[in-house]
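Undergrad: Read off the chains here:
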Amino acid sequence: MRMIRSFVPGLLLLFLLVGFVPVAQAQDDPGQALLESLATESYAEKSEAIEAIITSGDERSRRWLEELLDGKLQRHKDSGRFVIVVENRGRSWPVIDALSFDDAGEMSRRDLDRIGINNALRGQLQSALAVLDLYTDDVDDRREAARELLGSMDATLVEPLREVIADEGDAEVRRLLEQGLAIHRLSEGDIDAIAELEGSLNSRVRAALNSAARSDDPLIADAASAALDDIEQKRRLNSGLETLYFGLSLGSVLVLAAIGLAITFGVMGVINMAHGELIMLGAYTTWAMQQLLPGQPGLALVLSIPAGFLVAALAGIAIERGVIQFLKGRPLETLLATFGVSLILQQLVRTVISPQNRTVVSPDWMSGSLMINEGLSLTLNRLFVLGFALVVFAGLMLVMRRTRLGLEVRAVTQNRAMARAMGIRATRVDIMTFALGSGVAGLAGVALSQLTNVGPNLGQNYIIDSFMVVVFGGVGNLWGTLVAGLSLGVINQVLEPWAGAVLAKIIVLVFIILFIQKRPRGLFPQKGRAAEG
Amino acid sequence: MIPSSVYRTSRWLAVPLLSAAVATPALAQEDPIKVGILHSLSGTMAISETVLKDTVEMLIEQQNEKGGLLGRELEAVVVDPASDWPLFAEKARELLAQEEVDVIFGNWTSVSRKSVLPVVEELNGLLFYPVQYEGEESSENVFYTGAAPNQQAIPAVNYLHDRVGVERWVLAGTDYVYPRTTNKILEAYLQDEFGVAEEDIMINYTPFGHSDWQNIVSEIKDFGSQGKKTAVVSTINGDANVPFYRELGNQGINASDIPVVAFSVGEQELTGIDTAPLVGHLAAWNYFMSVDTDTNYDFIDAWIDYTGDEMAVTNDPMEAHYIGFNMWAEAVRKAGTTEVDAVKDAIIGVAVPNLTGGYAAMMPNHHITKPVLIGEIQDNGQFSIVWETPSTVAGDAWSDYLEGSRDLISDWRKPMECGNYNVVEGSCGGGQADAAAE
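Chains A and B, in that order, give the protein sequences. If you're matching positions, the first sequence starts at 8 in my numbering and goes up one per residue. If you're matching positions, the second sequence starts at 11 in my numbering and goes up one per residue.
Keep in mind the hints are simulated off the structure, nothing from the lab. There's no promise every hint is true.
Heads up, incomplete: computed chain B residues facing chain A, CB under 7 Å, no partners named [said to hold, decoys possible]:
1) A56
2) I211
3) G219
4) D222
5) T399
The calculated label-pair distances, taken between Cβ atoms and stated as ranges, are [claimed, not checked]:
6) B:F204 x A:S44: 46 to 52 Å
7) B:A312 x A:E48: 25 to 31 Å
8) A:F518 x B:A361: 55 to 61 Å
9) A:E48 x B:D319: 32 to 38 Å
10) A:I351 x B:L133: 31 to 37 Å
Backbone N, C-alpha and C fix where the C-beta goes; we use that ideal spot for every residue, glycine too.
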């Protein structure tokens with residue numbers, strides 16, 4: 008995936024590293040010999056071969072290292088020719104020549120030998136590439152590279168890195184590199200290095216200090232422990248914030264899953280056991296959209312938002328017209344019938360699409376995390392879902408409070424006969440409301456496709472939680488659902504570290520049961536005459 | 011009650027059947043050999059088990075093309091236990107009592123196997139179980155073609171300790187019998203063999219289908235920044251792995267910092283994941299699709315042709331069925347009959363080629379010999395093999411690292427014929443073995 012960045016500064020470094028200028032290229036191609044030495048079973052020999060490539064100064068070395076890192080550098084078994092695999096799925100792979108980078112047609116995977124690497128070699132390659140990245144123009148790339156090098160510097164890098172630091176314009180890169188050098192010095196027993204590492208929340212710095220704290224030299228051990236105490240204190244605050252974020256994020260998932268149910272169950276009073284499957288349909292819509300727009304996962308995801316809403320809303324209308332309207336006022340039958348619908352939908356997906364989970368790709372802007380400081384970073388996909396949940400909630404509040412549909416829904420649910428007498432078409436309102444609730448479930452599915460598995464069982468995992476949130480928050484109250492979802496999420500995440508995931512779930516469930524015993528109408532009970540109905 | 015009418019009907023039926031048999035020579039001179047397939051085609055486990063059903067059907071088709079077995083055609087009898095553990099027992103009874111199948115290939119989860127076990131033993135059936143499991147079991151009627159802990163977990167831990175230099179261990183698993191037993195074995199092994207201190211082992215269990223991994227991953231990250239090389243040994247089951255790995259990627263834990271070695275993640279599971287952030291994480295199996303042998307490529311080609319899907323993947327339990335099916339066929343040929351007791355005796359010692367270029371032999375304890383491979387995840391959802399045992403390892407039914415289980419051996423040959431023989435007490439101890447397994 009990495010693009011070839013500028014070669015020239017990288018080359019400069021390669022020369023700096025060893026002060027070695029390549030001899031004029033002799034006979035055939037020296038590249039063949041360099042690659043040949045990689046084709047060995049022994050990882051120690053491979054490591055030496057990689058070192059040889061780095062120091063060779065060959066201008067193709069960067070590409071080779073990158074392809075080797077990606078597992079794309081392969082050797083044709085019979086001819087010994089080295090190729091780079093362009094696409095390694097399926098039986099026959101398009102390849103290019105590893106020496107000339109010219110197109111070399113297709114080769115069967117039977118005939119190719121992959122140059123395998125293990126994690127140790129991967130580390131070596133990543134450091135080598137990171138060193139080259141320090142010379143790029145892009146500040147973000149340089150910071151990334153400096154972070155990568157933290158904790159993995161050895162003696163050969165010290166001198167070149169000092170020169171890099173001297174020329175570096177960005178303070179962050181300088182700081183990271185100096186920290187890295189300090190870790191290196193600490194590992195060689197330099198006690199002054201500890202002062203430079205004080206207060207850093209980076210986990211590699213902590214790892215270095217922790218091993219220094221176990222050092223035989225009492226002076227170093229004490230100094231490292233003291234520095235660690237300080238770091239631990241800062242970390243405690245950060246981890247508190249982190250837990251809060253985890254809780255809000257889990258809560259936002261619960262809110263998303265439950266908010267559609269808050270409309271169909273809370274406002275309309277229909278127990279829809281197929282709610283989870285409507286979520287699933289939303290998630291599958293995202294998958295289908297990504298299949299339609301290959302290579303553009305971001306755009307597909309954005310388009311899935313309206314599409315997921317529509318698909319789930321249409322399915323909701325079908326369920327309402329096909330099943331629920333005939334069972335008005337008979338909750339038990341509704342429950343059983345919609346449970347049947349949920350099984351039908353699950354098996355339908357299994358038969359039509361596949362019983363296997365589907366891959367939904369996260370767009371780049373949703374992968375990774377947003378670094379607040381070195382001890383606290385917020386994962387981006389969850390940050391987006393949190394925001395999305397709030398937007399959906401606000402949108403739904405707007406619909407219910409400010410539009411004619413919302414007004415009619417409230418009128419019909421409060422007093423159906425009176426509303427009809429006022430000229431509201433109650434049946435149409437039923438359909439619209441159910442479609443709205445279902446559509447929102449579809450939106451939840453689009454969001455969940457970024458967090459969890461997209462498979463036939465997706466809905467089942469959320470249906471119980473959804474009912475729990477709605478009941479806890481107070482049936483018929485959207486604010487209640489929001490508060491209940493977020494607070495259950497936070498409670499769960501606070502409990503989890505010391506109770507374990509299994510027990511935390513049980514404790515939350517017991518808590519809700521006790522709470523409902525005390526306040527049967529939930530956190531925010533409906534007030535007024537509507538509550539009696 | 012009405013034998014005469016039944017008799018009459020069957021006589022009437024026999025006439026066209028006989029004439030049909032005369033018409034087609036060679037095959038179908040006798041009744042077909044019935045092969046029962048007991049894999050979930052719906053419910054949670056359908057994701058893993060449907061391919062195994064297809065695998066056995068493909069193997070039966072191939073065998074029939076080769077002329078069947080003992081001159082008889084093979085016929086698959088497929089039932090769907092729907093990921094419902096008690097239903098597994100009912101369906102097994104249906105296969106053995108009503109369909110009268112000669113052999114069953116089936117089950118995935120340990121709890122479903124435990125549910126089927128009494129039925130297979132009562133009705134004297136044959137069951138081939140293709141999935142890696144926790145051990146501590148050896149039944150006369152079950153053949154375990156998946157890995158026992160000493161064929162997967164122990165070698166993987168050895169690799170991490172010896173080659174990667176891991177000193178701190180996170181044992182993370184789904185909360186059920188396989189991870190709990192495996193982790194108990196591993197904990198004892200780490201403490202006894204490598205002298206790992208208690209504070210250097212973190213054990214964590216999560217429910218089935220767990221999807222919110224934020225806190226646990228954050229804990230692992232914290233646990234791993236104590237200055238000692240840390241690894242995660244994961245017995246997390248099935249699709250809970252996807253959000254787990256995704257969270258690892260998002261919190262910036264890569265394989266060079268904290269490698270995760272998984273025992274339940276194979277090619278099939280990776281088809282549901284964008285593997286780019288997972289590159290370098292490990293899995294321990296006895297087979298990988300990327301194994302570079304001609305038998306393997308032939309198997310893959312046959313599988314692709316059978317499924318008609320150019321991107322179809324193969325995995326370890328499929329190889330286990332491939333081995334188990336061929337072993338059974340070989341034993342039937344050797345015994346000259348499909349009669350259960352004869353096949354049971356004949357199969358011990360049978361060796362058939364596996365897909366990794368060697369042979370798998372059935373041991374007297376009903377486990378088989380397997381090579382152990384460690385692979386690293388690649389960006390195309392395949393594994394690159396980084397290490398393998400120099401020779402095959404024989405499956406050990408009773409772990410040597412658990413109190414009460416280490417004295418037990420299993421040997422189903424005559425005259426011992428015992429699945430849990432206590433070498434210290436010199437007796438075949440039924441009840442004790444159960445207690446040891448707890």
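Undergrad: Taking the hints in turn, state whether each one holds.
TA: Here is what the structure says about each hint:
{"no.": "1", "hint": "A56", "result": "holds, 4 Å"}
{"no.": "2", "hint": "I211", "result": "violated, 15 Å"}
{"no.": "3", "hint": "G219", "result": "holds, 5 Å"}
{"no.": "4", "hint": "D222", "result": "holds, 5 Å"}
{"no.": "5", "hint": "T399", "result": "violated, 15 Å"}
{"no.": "6", "hint": "B:F204 x A:S44: 46 to 52 Å", "result": "violated, 35 Å"}
{"no.": "7", "hint": "B:A312 x A:E48: 25 to 31 Å", "result": "holds, 29 Å"}
{"no.": "8", "hint": "A:F518 x B:A361: 55 to 61 Å", "result": "holds, 58 Å"}
{"no.": "9", "hint": "A:E48 x B:D319: 32 to 38 Å", "result": "holds, 33 Å"}
{"no.": "10", "hint": "A:I351 x B:L133: 31 to 37 Å", "result": "holds, 35 Å"}
The structure shown violates the earlier hints numbered 2, 5 and 6.
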